[in-house]
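K.L.:
Residue numbers (the working numbering), protein chains in the order written: chain W, 1 to 199; chain U, 1001 to 1093; chain R, 2001 to 2419; chain V, 3001 to 3930.
Read the hints as simulated data drawn from the structure, not as lab findings.
Some hints here could point you the wrong way.
[As the list claims (entries may be wrong)] Some residues of chain R that are not near chain V, with every Cβ distance over 12 angstroms (derived):
1. His2058
2. Gln2129
3. Asn2141
4. Asn2144
5. Ala2201
6. Asp2230
7. Lys2292
8. Val2301
9. Glu2317
[Stated by the list, open to error] List of simulated lysine to any residue pairs, SDA-like, C-alpha gap at most 20 angstroms:
10. V:Lys3560 / R:Ile2169
11. U:Lys1050 / R:Asp2410
12. V:Lys3560 / R:Thr2216
13. U:Lys1083 / V:Lys3892
14. V:Lys3560 / W:Glu89
15. R:Lys2101 / V:Pro3866
16. U:Lys1083 / V:Lys3560
17. V:Lys3560 / R:Tyr2171
18. V:Lys3662 / W:Arg12
19. V:Lys3812 / U:Lys1083
20. V:Lys3813 / U:Tyr1019
21. U:Lys1083 / U:Tyr1019
22. V:Lys3662 / U:Pro1028
23. V:Lys3892 / R:Asp2389
24. U:Lys1050 / R:Lys2101
25. U:Lys1050 / V:Gly3376
26. V:Lys3662 / R:Ser2303
27. U:Lys1083 / V:Asp3677
Even for Gly, the Cβ is constructed at its ideal location relative to N, Cα and C.
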Amino acid sequence: MADTLHRSPVLRHREDAFARLPEGLEIVAEPDVALADLRVPEGAVASATGVVGVALPLEPNTWVARPGGQVVWLGPDEWLVSDADERPEALEAALRAAVAPHDGAAVDVSAQRTAVRLRGRHARALLATGCALDLHPSVFGAGRSAQTTLGLVGVVLLALDDRGEDYRILVRPSFAGYLADWLLDAAVEFEPPGPAAAL
Amino acid sequence: MQLIRCPWCGPREEVEFHYGGQAHVAYPDDPAALTDEQWARYVFFRDNPKGAFAERWSHSAGCRRWFNAVRDTRTYRFLAVYKPGEARPEVAS
Amino acid sequence: MSELASGSSAQRTPPGAHLPEHPDFLWRTPEPRRTYDVVIVGGGGHGLATAHYLAKNHGITNVAVLEKGWLAGGNMARNTTIIRSNYLWDESAAIYEHALKLWEGLEDDLGYPILFSQRGVLNLAHSEQDVRDSVRRVEANRLNGVDAEWLGPDEVAKLCPIVNVSADIRYPVQGATYQPRAGIAKHDYVAWGFARRADAAGIDLIQDCEVTGFTTDGDRVTGVRTTRGDIACGRVALCAAGHTSVLLDMLGVAAPLQSHPLQALVSELLEPVHPTVVMSNAVHVYVSQAHKGELVMGAGVDSYNGYGQRGAFHVIERQMAAAVELFPVFARAHLLRTWGGIVDVTPDASPIVGRTPYENVYLNCGWGTGGFKATPGIGWCMADTIAHDEPHPHVAPFSLDRFTTGALVDEHGAAAVAH
Amino acid sequence: MRVDGYGRIDRSRTLGFTFDGRSYTGHPGDTLASALLANGVHRIGSSVTLGRPRGISAAWSEDATGLVQVEEPFPEPMLLATTVELVDGLVARGLGGQGRLAEVADTARYDRMHHHVDTLVVGAGPAGLLAARAAARRGERVALLDDRPEPGGSLTGTERIDGRPSREFVADVVAELATHPEVAHLQRTTAFGRYDDGFVLALQHRTDHLGADAPRTLSRQRVHRIRAGRTVIATGAHERPIVFADNDRPGILLAASARDLLHRYGVLAGREVVVFTGDDAAYAAAVDLADAGAAVTVVEARPQAPAHWAGAAADRGIPVLTGSLVAGTEGAPGDGRVSAAVVTGADGARTVLGCDLLAVSGGWNPTAHLFSHVRGTLAYDPALGAFRPGEDLDGVAVVGAANGTLDLAGCLREGASGERPPSADGEPERTPGAIVWRVEGPHDRQFVDVQRDATVADIARAVGAGMRSAEHVKRYTTIGTAHDQGKTSGVLASAITAELLGVPIEDLGTTTFRPPYTPVAFAALAGRERGQLFDPVRTTALHAWHVGAGAVFEDVGQWKRPRYYPRPGEDMEAAVLRECAAVRDGVGILDGSTLGKIDVQGRDAAVLLDRVYTNMMSNLAVGRVRYGVMCGPDGMVIDDGTVLRLAEDRFTVITTTGGAAKILDWLEEWVQTEWPDLRVHLASVTEQWAVFPVVGPRSRHVISRLFADLDVSNDAFGFMCWRDTELDGVPVRVARISFSGELAYEVNVNAWYAPAVWERLLAAGEKHGITPYGTETMHVLRAEKGYPIIGQDTDGTVTPHDLGMAWAVSKKKSDFIGKRSFSRAENTDPLRKQLVGLLPTDARTKIPEGSQVVEFCPDGALPAPPVPMLGHVTSSYRSAALGRPFALALVKGGRQRVGDVVHVPVGDALVPAEITSSVLVDPEGNRRDG
Ligand SMILES: Cc1cc2nc3c(=O)[nH]c(=O)nc-3n(C[C@H](O)[C@H](O)[C@H](O)COP(=O)(O)OP(=O)(O)OC[C@H]3O[C@@H](n4cnc5c(N)ncnc54)[C@H](O)[C@@H]3O)c2cc1C
Ligand SMILES: NC(=O)c1ccc[n+]([C@@H]2O[C@H](COP(=O)([O-])OP(=O)(O)OC[C@H]3O[C@@H](n4cnc5c(N)ncnc54)[C@H](O)[C@@H]3O)[C@@H](O)[C@H]2O)c1
Ligand SMILES: Cc1cc2nc3c(=O)[nH]c(=O)nc-3n(C[C@H](O)[C@H](O)[C@H](O)COP(=O)(O)O)c2cc1C
Ligand SMILES: [Zn+2]
């Protein structure tokens, strides 16, 4: 690993503001991890299982856990594989070796997206101020995901629990500062004295 | 604002999509063999019916897949949504 | 505040009081005759202006204007009425400047108060590339004899003090092109002025009369089928804007047109705040304050083809965000009404005018989001084209066959200013 | 006047407010209108064109006349006094037709909220409440919206439902709804627009009624964006006025509104009341007003009063003049308030009835706005004398008065949607109304649209002028175009037009209902997309460094890119000349991370690239780089950039910054829709790779110092090659690509490490004077070499040949996108505009970009317009390398004209300039290898 070449988290300048969020809301910029965009044609999805460690989820708008990370369905032949333990280039290489013979592809996209964790009892209401998806836990509970827009920003949204209180938001790093500002601005609503119950 | 059914992701807001105009306009097999007029037809001319229209959409802010739809341009209603490569379904508007 | 204490706020001239009265007579409601020398399909601004100039310039009055709904109820009733001639390319500048010159004398010509107000139009630039494109257009305009200036942000603020020219907005105003002779007019009055003169000249304006087909003989059209019966005719002019494709389909003629919803909106009546017309492409706004006091604003084109005369609300919302961004004082103005028209868009954002494969059918379409300003000019040229059976020089560059030769008049590339 | 024992206001507390400069008091629960009426203020403003006095004509949003300007807490134009909730310290004034905008920016917050429900119910009257309850009991997700501060709709509290006062019924239903976790019940929330697929927009007023207590953290107004499986429209009906002479005075109210004012606010709007009606509902008003102490007379248009109501009137000594009409009014001097009603009796005799309140009811117009927003058609109902929903729409139900059902029992039944409806106890049966739209009289004093001062005379003139459609009459008279959008006048206008034309009203129809139902502030629609949130700001991983280095930024699309890095005392010109010189003489470094990058992978990757680039890509060797151009089918250049071949089956395509998303979409479109058989996959890696071009004769030293493993000799690492290396174990890709003509290395690294690698490069270059440079310097350097910027030197009308890039257009390939267009007549014209250099002959003048090029004018002056133009200046800079300004231009037949002197008009001057090759610095290309 690159021990001496330091990494600079994309949202390091927003951390103080995140720390001051009102009760019921928590935003954490997550450490960057290896990410690979995986393409496997229909019929060859099994070729990736060995490297990924789990079967690729075939149901749209879902994610599953894998050793060291997650696999997120992005499209009918496309997944996002994350790995907190692996070097990005190694993840790409392993996946590519597995799927290229089957006309698949794998690309290191570890710096192409950064993750923000949004938690708390207001989390769902906050998202609903800018996300048009139905986030009701009966529809968008743990294991669900979506590529969609939040405010004016494209995101991959993952539901991590069944209560609408824990989400991971993947965003392009170039948009992350804007998205953070947007989230912080949305959070003002929940500062005391806030509404009795947000809709 | 329409609620458009992506064949993969399901119903999503219109703003997640990108409109691609008329569907089933194939790139000519041999452009060099075409007259200027035939080539102009391919490049610039598209149908513009008042009523059912087969058109292409891309779920650009979602799964990034293109698909086809038949939509009524009078009511804006989607009559059918189908995957690329599939034939245009028979639907009444 | 003290003078208001009397309870009367009517000391000022009431906002509508200076508006002119309409004439007591506008047009007849004739029964369609069975035959005309010229049938104009479409009673919008273009059709009515064509009728007027056929009579006035060429003495051709055995003419019917066939309108499927109520006269000038299409885009003419719906547009934001911006009039300017500062187009980039020579061909466009020529036709729009021809129109602008006619606008300048139109009130007298029509004997109708059309509220033509040459209050100037500003096109804002927000990026280095906007600046380049703007200067390019200004310089081209000047060489074409079209009044045009490039203004810095301070000068923009002088002309329209409510524009936010501060440097710390998301897309600061870097300057603007300015055409002082540009402005607005009252759309309905313009249409009615043309209609009244055409009617007075003996031309039949026939409403609720939809053209549903054509009768043909070889390369000639012999008549039109309508919801009010068949009408024979010598020549046909298609002035149907967003519905042109529907008519051309009946004739089996193809044209590169796509019909899209385009929305506009107004606020309630407000005391004068906005003395000119401001358009911005990057921060999508175009706005003026009409004579009664309402802010008139156009929104973006809805992405998909549509004949519904209505659009989606997110387009309006984005429009409002842009308006408040550029004009912070608009924050508590109220949206009063929204509506939509059907604009016929071409690949090069220029109109299609001239001949069709039928020797006696003339085409006038593709004005997209910007044909109101052309109304007198295109009416004049269409009349001339019909009378002489030869495209008027101002419309010749806009022929249908330019898409075959590649001689496009691409008005969105560089100038990228619609309306 | 306030009467005791009535109203749901909180009389224990007093609020102070100012209207037209005078101070008054009211109570919590009041509206500005009710408080003014309670204080005896009847004249609110004056009419728009005639300046006639105007008062309050209804109790809620259908009021056509009571328009005020709020001045404090914050200026807001044109609000209805009837919908402004009273707060302490409110300052308002009456209007004369136009509102006034604030001069300062509004700092209140506005936001949006998305909802998804099975059933949306609009209107919390009896029908809506029951519809919501039924849906909630079915276990559905429900939203119930109502625009008034409290639920209950037009229930006054006098009705009895299931044996109890109606307010208790309302409270019960509301309480039950509150027990359902999936029911959202919002008051003060107006559904203002209905769109496709069950999409309804609603505006919630969240804080104004809280006055000074309003938390600044909350949005003042919120736009709810609701997707509903089913929409129940339970919006009630608007009472319809009757047109008669001088029907526009203060003190003339809709009858149910007068009653509403009494029951809601305890306000008796007059002591001497004439009720003019042809409809049963007005008797309830007459009776209640009489019970509250008013002297009431009913003028009944029908020959007979309905039996039940005749009895109730008789009980209270209310005279009922049957077969009578109010034909006109008289007004008081001063505030112009109505002082008498002129009544024509059944026998034709005229009576003048003194009154200070004229309560009118011409029947009811179903509030069908939302129904028709998506073009639901309305049908004329002769029994109602109005239009009501006339077709079944998928996913829409219309219930209660909105559906034309006027009796409470009927509203309860329709609302209950199949459940057993509660009973409407003691409700008298409705008898057929008389449809009276207008009473004969002087046309020019009979107001149809009271707000627009439009009269029957105006309609008559329109009809006389030849107008035959409701739409024309609207535009000729302006009826229905004011703030109230014809809520109460629309049907009257149609009816009177029909009458004057002698056609049935159903043939005429109504004008179109359009969103919004009631006006909505622009800022509410802008939501939080204001200021710096107006549009996303995109920044690179180095943004903080750039800010620290004092960069001046340029907006490139959504990106913020450093344009130059001024040192103290430097303006842009000085900074750019310094940066340029540093690159040409030493070494510079640029943050090029915004360039678009696309990973193209798969067996057919090369096939795809051959189809989309004008030149050949399949024969590019692994380890090498090639420049390429992409065109649209019309043959015009859409983007350019370099391509790196990473492997047999893998490329990286570099696009322009602005083209990144567009080109990826473009390629995807071809791959997915046209060539699905190609085995190729595309992925954006724009943000994966930070890119730092290290440029200049000394760049080799910097690169070799930092990447000791890399053999940077020309032989080992030639121009247009790329090599992989690493830095502290982190993979780094270095490519020898030059956009300046200088020796250059583009360093690519995972953006995680961008700041670290940038710092290392700076450190490695320190002793060579490494100079960070911005986009402006980059542009100058590339222009000196004649490299075009797509979008600056092109405008969508330029082919590769026009750019002098015929060399990049393959002759071997049988086809690629755009190829066929090159042979069209227009594209083979030798007089097409071509990219050339332009040197002002005085070697001093920097020609403004965008300037037009014209033929040399021998007499030093332009001919009269139109002056033929040869082309325009696309790029123009001062060159440190040339020691003079220079420009690039697109000029007709330009390449044949090298050496010609042309003129460029700049202001009033003509600047002579010589046409040159577009390559001005190092045309031999000697510098690229250092
Ligand atoms: C929201 C909006 C804003 C705009 N803003 C501007 C602006 O600011 N400046 C500007 O210059 N331009 C603007 N435009 C464009 C401008 O309105 C149009 O380009 C122009 O009005 C088109 O010409 P027209 O007036 O003849 O069209 P229309 O008024 O649309 O006339 C066409 C007529 O043909 C009739 N018709 C169609 N089919 C048939 C048939 N089969 N039989 C009989 N009749 C038929 C239609 O009913 C219609 O009345 C705007 C347009 C819209 C919609
Ligand atoms: N006696 C009569 O002749 C007569 C005539 C008409 C109505 N009524 C009575 O009126 C009542 C009608 O009941 P109902 O439930 O149909 O209607 P309602 O008038 O009681 O309730 C409708 C509610 O919807 C609200 N509303 C309207 N448009 C809205 C919008 N766009 N967004 C949010 N809220 C909106 C209104 O302000 C009102 O609160 C019954 O009690 C009926 O008997 C009686
Ligand atoms: C320049 C202009 C100004 C307008 N001003 C108003 C206005 O003040 N009030 C109003 O209600 N409508 C106004 N309208 C809109 C019309 O009422 C109407 O919506 C438009 O003509 C489209 O017709 P439709 O909505 O009936 O389809 C205006 C329209 C235009 C083009
Ligand atoms: Zn999708």
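K.L.:
Now tell me if each hint is right for this structure.
P.N.:
Cross-check of the supplied hints:
Every CB of chain V lies more than 12 angstroms from the CB of His2058 (chain R), the least distance being 25 angstroms, so the non-interface label holds. In this structure Gln2129 (chain R) is not separated from chain V by more than 12 angstroms, as the shortest Cβ-Cβ distance comes to only about 6 angstroms. Against chain V, the non-interface label of Asn2141 (chain R) is violated: not every CB pair exceeds 12 angstroms, the least being about 9 angstroms. Consistency note on Asn2144 (chain R): stated as away from chain V, yet its beta-carbon is not over 12 angstroms from all of that chain's, at 5 angstroms minimum.
With a closest Cβ-Cβ approach of about 15 angstroms to chain V, Ala2201 (chain R) is found to remain outside the 12 angstroms limit, as its non-interface label requires. At roughly 23 angstroms from the closest C-beta of chain V, the C-beta of Asp2230 (chain R) stays outside 12 angstroms, upholding its exclusion from the interface. Not every C-beta of chain V lies more than 12 angstroms from that of Lys2292 (chain R), the closest at about 8 angstroms, which undercuts listing it as non-interface. The Cβ of Val2301 (chain R) sits about 17 angstroms from the closest Cβ of chain V, beyond the 12 angstroms cut-off, so the non-interface label holds.
Under the 12 angstroms C-beta cut-off, the non-interface status given to Glu2317 (chain R) relative to chain V is violated; the minimum distance is some 5 angstroms. Taking the CA atoms of Lys3560 (chain V) and Ile2169 (chain R), the gap is near 13 angstroms; set against the 20 angstroms cutoff, the hint holds. With a C-alpha separation of about 27 angstroms, the suggested pair Lys1050 (chain U) and Asp2410 (chain R) falls outside the 20 angstroms cut-off, and the hint is violated. At roughly 60 angstroms between alpha-carbon atoms, Lys3560 (chain V) and Thr2216 (chain R) are farther apart than 20 angstroms, so this suggested pair is violated.
Note on Lys1083 (chain U) and Lys3892 (chain V): the hinted pairing is violated, with a Cα-Cα distance of about 47 angstroms set against a maximum of 20 angstroms. Our distance criterion of 20 angstroms between C-alpha atoms is broken by Lys3560 (chain V) and Glu89 (chain W), whose separation comes to about 29 angstroms. The suggested pairing of Lys2101 (chain R) with Pro3866 (chain V) holds, with an alpha-carbon distance near 15 angstroms, which does not exceed 20 angstroms. A C-alpha spacing of about 38 angstroms is found between Lys1083 (chain U) and Lys3560 (chain V), which places the hinted pair above 20 angstroms, so the restraint is violated.
Taking the CA atoms of Lys3560 (chain V) and Tyr2171 (chain R), the gap is about 11 angstroms. The hint holds against a cut of 20 angstroms. Between Lys3662 (chain V) and Arg12 (chain W), the direct Cα distance comes to roughly 30 angstroms. Violation of the 20 angstroms bound is thereby established for this hinted pair. Proximity of Lys3812 (chain V) to Lys1083 (chain U) is assessed by CA-CA distance (about 35 angstroms); at most 20 angstroms being required, the pair is judged violated. For the proposed pair Lys3813 (chain V) and Tyr1019 (chain U), the alpha carbon gap of about 31 angstroms is over 20 angstroms, so the pair is violated.
Restraint check: the Cα-Cα separation between Lys1083 (chain U) and Tyr1019 (chain U) comes to about 15 angstroms, which is no more than 20 angstroms; the hinted pair holds. The suggested pairing of Lys3662 (chain V) with Pro1028 (chain U) is violated, with an alpha-carbon distance near 23 angstroms, which exceeds 20 angstroms. Taking the CA atoms of Lys3892 (chain V) and Asp2389 (chain R), the gap is near 33 angstroms; set against the 20 angstroms cutoff, the hint is violated. For the given pair, Lys1050 (chain U) sits about 36 angstroms from Lys2101 (chain R) by alpha-carbon distance, which is inconsistent with the 20 angstroms threshold.
Between the alpha carbons of Lys1050 (chain U) and Gly3376 (chain V) the distance comes to roughly 19 angstroms, so the proposed pair stays at or under 20 angstroms and holds. Of the pairs offered as hints, the one joining Lys3662 (chain V) and Ser2303 (chain R) holds, with about 16 angstroms between alpha carbons and a cut-off of 20 angstroms not exceeded. Under the criterion of a C-alpha separation no larger than 20 angstroms, the hint pairing Lys1083 (chain U) with Asp3677 (chain V) is consistent with the structure, at around 15 angstroms.
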